[in-house]
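Order-wise, the sequence lines are chains W and L. With this note's numbering as the guide, the letters of the first sequence map in order to residues 1 to 258. With this note's numbering as the guide, the letters of the second sequence map in order to residues 1001 to 1227.
No lab work stands behind these hints, which were simulated from the structure alone. Don't take every hint at face value.
[Claimed, not checked] Covered stretches of chain W, going by a simulated chain L footprint (3 or more residues, C-beta under 8 Å):
no. : region
1   : 30 to 43
2   : 67 to 73
3   : 209 to 221
[Said to hold, decoys possible] Computed list of chain W residues with no C-beta within reach of chain L, every gap over 12 Å:
no. : residue
4   : Leu4
5   : Arg59
6   : Ala158
7   : Phe178
Every residue, glycine too, gets a C-beta built ideally from N, C-alpha and C.
So you can see what is in the structure, the chains are spelled out below.
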Amino acid sequence: MNALAATVRYVLLTAYRDRLAIAILAAQLAVLAGSELMAAAALSENLAVGLATAGAMMRAVMALGLITFISFHVRRMEETREIEVILTRPISRPVFVLANFGAYSGLALLLAMPAGLLLGVGYGAWTSGLVEWQASLMLECLVLVALSLFCALSLGSATVSVMAATGFYVMCRLGAYFRAISEQHTGMLDNPVVDTTARLAIEVVSAVLPRLDLFGQGNWLVYGPGGAWGIWTLTGQAAISVAVLLLATIRDVGARRF
Amino acid sequence: MAGGVRAAVWILLVTALMVQVVLSVQLHGLRPAIEEMPPPPSPMAMKAVALGDDQFLYRVVTQWLEDVGDGGGRLRPLRDFDYDRVVAWLKLTDDLDPRSDAVFQLGSTYYGALTDPSTAARKVARLVDYFERAGMADPAARWQWLSWAATRNQQLVKDPGLARRTAMDLLSLRTSPTAPSWLPLLAIPLLRVSGDNAEAEELISDPDMIERRRIAIEKLKQNEGRP
């Protein structure tokens, strides 16, 4: 319990020192201002333009902010040998990973809160769609934290970690489309063996990837909750993804790096 | 850093900035290229670009369709646009959010506002054709675009074949419980455009159409607050 509390305290202090909260809040305010500008320039349905733009950009701010912060934070912990110091204490590697995940998650959830508030205040959109969008953003942040932690602890370089986590995130949002293209045979390769192998690879990869494309729908902000899935599906998806990524991280930390 | 080195850095920095200013002045005459409207991607590729958020892409592409052809303070006239391509983009974008009317607002008030005498009729006919089909697919929700297609055809396009098809489609809505009851009245002027004057005259004296006209005028008067 002490280890967990100390880790949470350490992460919060370093996030404060790195001005992460101020940077993300400033970016979210800039997104709100930019989306207001776009909405003002639209020919019609200005409110919908503003909400959809602000929602997508705020999600991107959270994704890039968390990936960058966690990647460089872990790297600095390695460089200053803080990880090794922490692991000399009576703390197991699984607890170390879980403590870090808990700390980063708490931070991510705190930083995600203003996004919905800004949308509500900026556009007066206090709707059930906003509630679903906010809940979805927070679940997506948990997956992003687990993903960033996995990349940061598994890869030696912060830059590589940022690139890998961003690439994986984009892949998670694209996986369903690759699969649809493969199933509908809208893209075919000349060589049948290569074509079949590529299709099989896409099937396998897209089955393993979390369906992040279902999270944070701008439609909810504009029209209210809808779609063939709800917050419970997203909660289930987030829980499975976080579990898989954390187990992989624990395995990697134990077997390879420390 | 020694004083001499610091001074040298400052001198170099100021010099570099001055060179940049001179280069900017030299390049001032080079104007940015006007963005062209490319052929639309496949529906699947379009959805992939959205990264799962169709609504965001819908709004961004609608805005882009409003701005494309405008670059560096210059405007490409609407008469130079390929309207087959414009319609393909509008249709592809509409598929991202069939509940919104933004694409039709853009098509009618921007692309449909073309007045160039040599090209307007031919180009706007593409929009009229698309609006008519989209309107007939869901007349309850999109009757206003059906109405736009009918009046634009009557006043500007004057395409006999298209006018005949739209007139027949409008008349088929007489049995529709959801389309506005006055909508079939728009078929009469369209039949004149298509040269079917006898059919138009017959419809004018049709009791059902007379009743529809009476109801429509009554509603108009109500809306205007007249007795």
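Each hint, compared with the structure:
1. 30 to 43: Coverage by chain L holds here, the residue count being 4 at a Cβ distance below 8 Å.
2. 67 to 73: Not satisfied, violated; 0 residues make the cut.
3. 209 to 221: Satisfied; 9 residues make the cut.
4. Leu4: 34 Å, holds
5. Arg59: 8 Å, violated
6. Ala158: 24 Å, holds
7. Phe178: 8 Å, violated
Hint violations for this structure: numbers 2, 5 and 7, all remaining hints satisfied.
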